[in-house]
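**Student:** Please model the complete structure; the sequences and the hints are all you need to start from.
Now for the letters of each chain:
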Amino acid sequence: MKRIAFSVWGGAVHRFRLSHLSARAFYSTNKFEFVVPLHPLLLQKAKSLRDELREFENKMLNGEVLNPNDSKHFNSLTHSVDLYDQIEKLVKEISELQEILTEKDQDPSLISEAELEIKGVEAELEKTAENLKVKLLPPIPYSDRPCLIELRPGAGGHEANIFTEDLLEMYIKYCQLRGWASNIESKTEHSSGRGLVEATLLIKQPGSYGRMRHEAGVHRVQRIPETENKGRVHTSAAAVVVLPQIENNNADPEVRKFKPGELKIDVMRASGSGGQHVNTTESAVRITHVPTGITVSIQDERSQLRNREKAMIILRSRLAELELNEKLAKEREQRTGQVSSVDRSDKIRTYNFPQNRLTDHRCGLTLYDLEGCLNGERLDDVIDKVAAKEVEDRAADLISTIKSQS
Amino acid sequence: MELPVDRWAGAVEERAKHVPLQYILGSQPFGELNIKCRPGVLIPRNETEEWCERLKEVVEKIPDKVSVVDYCTGTGCVALSMATLSNVEKITAFDIDESALRLARENLKLNKDLLQTPVSFEKGNLLQEKHPKLAATLLLSNPPYIPEKDFNLQGGVEQSVLLYEPRSALVGDLEFYTALAELLRTGSFKAFVFEIGYREQALHTKKLLPAWTCGIRTDSHGNVRNVVGWQQEWNALRSMCDELL
Chain A
1 MKRIAFSVWG
11 GAVHRFRLSH
21 LSARAFYSTN
31 KFEFVVPLHP
41 LLLQKAKSLR
51 DELREFENKM
61 LNGEVLNPND
71 SKHFNSLTHS
81 VDLYDQIEKL
91 VKEISELQEI
101 LTEKDQDPSL
111 ISEAELEIKG
121 VEAELEKTAE
131 NLKVKLLPPI
141 PYSDRPCLIE
151 LRPGAGGHEA
161 NIFTEDLLEM
171 YIKYCQLRGW
181 ASNIESKTEH
191 SSGRGLVEAT
201 LLIKQPGSYG
211 RMRHEAGVHR
221 VQRIPETENK
231 GRVHTSAAAV
241 VVLPQIENNN
251 ADPEVRKFKP
261 GELKIDVMRA
271 SGSGGQHVNT
281 TESAVRITHV
291 PTGITVSIQD
301 ERSQLRNREK
311 AMIILRSRLA
321 ELELNEKLAK
331 EREQRTGQVS
341 SVDRSDKIRT
351 YNFPQNRLTD
361 HRCGLTLYDL
371 EGCLNGERLD
381 DVIDKVAAKE
391 VEDRAADLIS
401 TIKSQS
Chain B
1 MELPVDRWAG
11 AVEERAKHVP
21 LQYILGSQPF
31 GELNIKCRPG
41 VLIPRNETEE
51 WCERLKEVVE
61 KIPDKVSVVD
71 YCTGTGCVAL
81 SMATLSNVEK
91 ITAFDIDESA
101 LRLARENLKL
111 NKDLLQTPVS
121 FEKGNLLQEK
131 HPKLAATLLL
141 SNPPYIPEKD
151 FNLQGGVEQS
161 VLLYEPRSAL
171 VGDLEFYTAL
181 AELLRTGSFK
191 AFVFEIGYRE
201 QALHTKKLLP
211 AWTCGIRTDS
221 HGNVRNVVGW
231 QQEWNALRSM
241 CDELL
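Protein chains in written order, with my numbering: chain A, 1 to 406; chain B, 1 to 245.
If you're looking for bench data, these hints aren't it; they were derived computationally from the structure. It is possible that part of the hints are untrue.
[Said to hold, decoys possible] Cross-link-like lysine to any residue pairs, in silico, SDA-like; alpha carbons within 20 angstroms at most: (1) Lys257(A) - Lys61(B); (2) Lys257(A) - Glu53(B); (3) Lys257(A) - Val58(B); (4) Lys257(A) - Leu174(B); (5) Lys72(A) - Asn58(A); (6) Lys264(A) - Lys61(B); (7) Lys347(A) - Leu365(A).
As the structure is a prediction and not an experimental result, all values here were calculated from the model.
**Tutor:** Here is the structure:
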């Protein structure tokens, strides 16, 4: 039995960029040889979930009824433990196959067959371990929600307005490709008729927030603007804000309740007697969330009440996003000496037209297929990479937390 | 959006002449309802929408079935808004004006998918000498409440209201609250909510109803907007009041 201490996980974090294969930790317990591409501490945690699950099962055997929160937790536990069991099974398969390899006077054709099979099982093992890793991380709040994408031009003048429109089209096409229903909630065109001053896209698909939140940040474009006659490349930018959509529905347990005084609601209306004296419909509403200072103004509808409802939906989304950012920042803080790689104020991606290149600065991915990205077809490749990088970073956080606790 | 392009120019001209936007577009949203508007019938106000929505929250939680009478119903907005609640079983709404009753019935049809309770619109004059005894739980009314002397620009009434909305739905004062109090004394009501424009109208109502607990509700612009009253079982209405009388 060989045992290789491959301590990638304990090292500096930049080494996490190593591929999963090289980051594989060889780990053995008793007669099992684990060849699991997962940090031993995470494996240990997964194993401990088994005991937790058993406790739950005992409770249920005793006739205890689980509350909705517990039953959610129970489902998640079951899923994690299933994955862990599957990993054990796959590891056993590998070790059995390896025995074939080490047998004396083994038939060479059998050896090559076994080697091939080992490769297949290893690939499956890697996928399962990756899934388990995601399951072990604390869940991202609201990731099962629909989302709102707000787009705004940044530096770069009119070119930024045009780029903002390009991004909106990219997301609409992406939704069409995935079969997600979307709706342009608001859109203000640039006075020239080309480009946008702002736009908000609602993606109604539940779970779209979990995916699209990776698009949040500053997107940078480098190209020769249509308006540039000397052929110089300009750099401009657009900001993408992604918010989870939360309805004003009191039946929803995740809906936040506001304390008296927490909200300040201003309705824009000329002072005076009001009531029967006045029939103008100045229905604009401004809601201020006093503790955070977040302000939402809406005047799209003729009904004050509907404007108020719309404003509340947006306010709830903004607060949820703020909450999530704080949670992630807290997780990051637990990692010592680590500069955050997902800082939202940074530019996250560059679209370079002269080189037909797209680079995502968070995961270091570069694709030479700008058109494929902008028509939504290859956006998934980028988001997959960014999501995987985030999982890696968060797994590192979790490991350092487990370490500091033990 | 709400008007075809070829009517935009005309609409702008009309609006410049102070024609109310609701008469030009022909409608006003009211809570979840869409209320048709026509010259000759008072336009539903934001303030009315506001107290109706607030009242719905209270009525919805009343454990018993609730029946409603709405006087001076106009477009029918208050009555129809109550008809969206599932524990309201019967609504009778009165108006003195035939054209208002016609419009109210059209609004009933227009919003029928949102309504849970039948509403009957009937002719009735609040100021008549004798009323039949009304058997219902909740009495609502948005009677004319601008005193004659205030029905001008100095009195805070907008040009558009003075020029285009029906005077009969606007000009009135304590006499209407006296009549409403009479309905309460002879009927079987347990609670009432009336819209008001002046504090005296609330004080007057309370004076006529010594046996009732009464309060004043202020709207979101800080103006007095309702006088609210209740018997024991409807204590929940207290939450609508900013001040008890």
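**Student:** Taking the hints in turn, state whether each one holds.
**Tutor:** Results for each hint:
1. Lys257(A) - Lys61(B): Distance of about 19 angstroms is within 20 angstroms: holds.
2. Lys257(A) - Glu53(B): holds (19 angstroms)
3. Lys257(A) - Val58(B): Status holds; Cα separation ~18 angstroms.
4. Lys257(A) - Leu174(B): Roughly 41 angstroms between the alpha carbons, so the hint for Lys257(A) and Leu174(B) is violated.
5. Lys72(A) - Asn58(A): holds (17 angstroms)
6. Lys264(A) - Lys61(B): Since the Cα atoms of Lys264(A) and Lys61(B) sit roughly 26 angstroms apart, the hinted pair is violated (cutoff 20 angstroms).
7. Lys347(A) - Leu365(A): holds (14 angstroms)
Comparing the model with each numbered hint stated earlier shows that hints 4, 6 do not hold.
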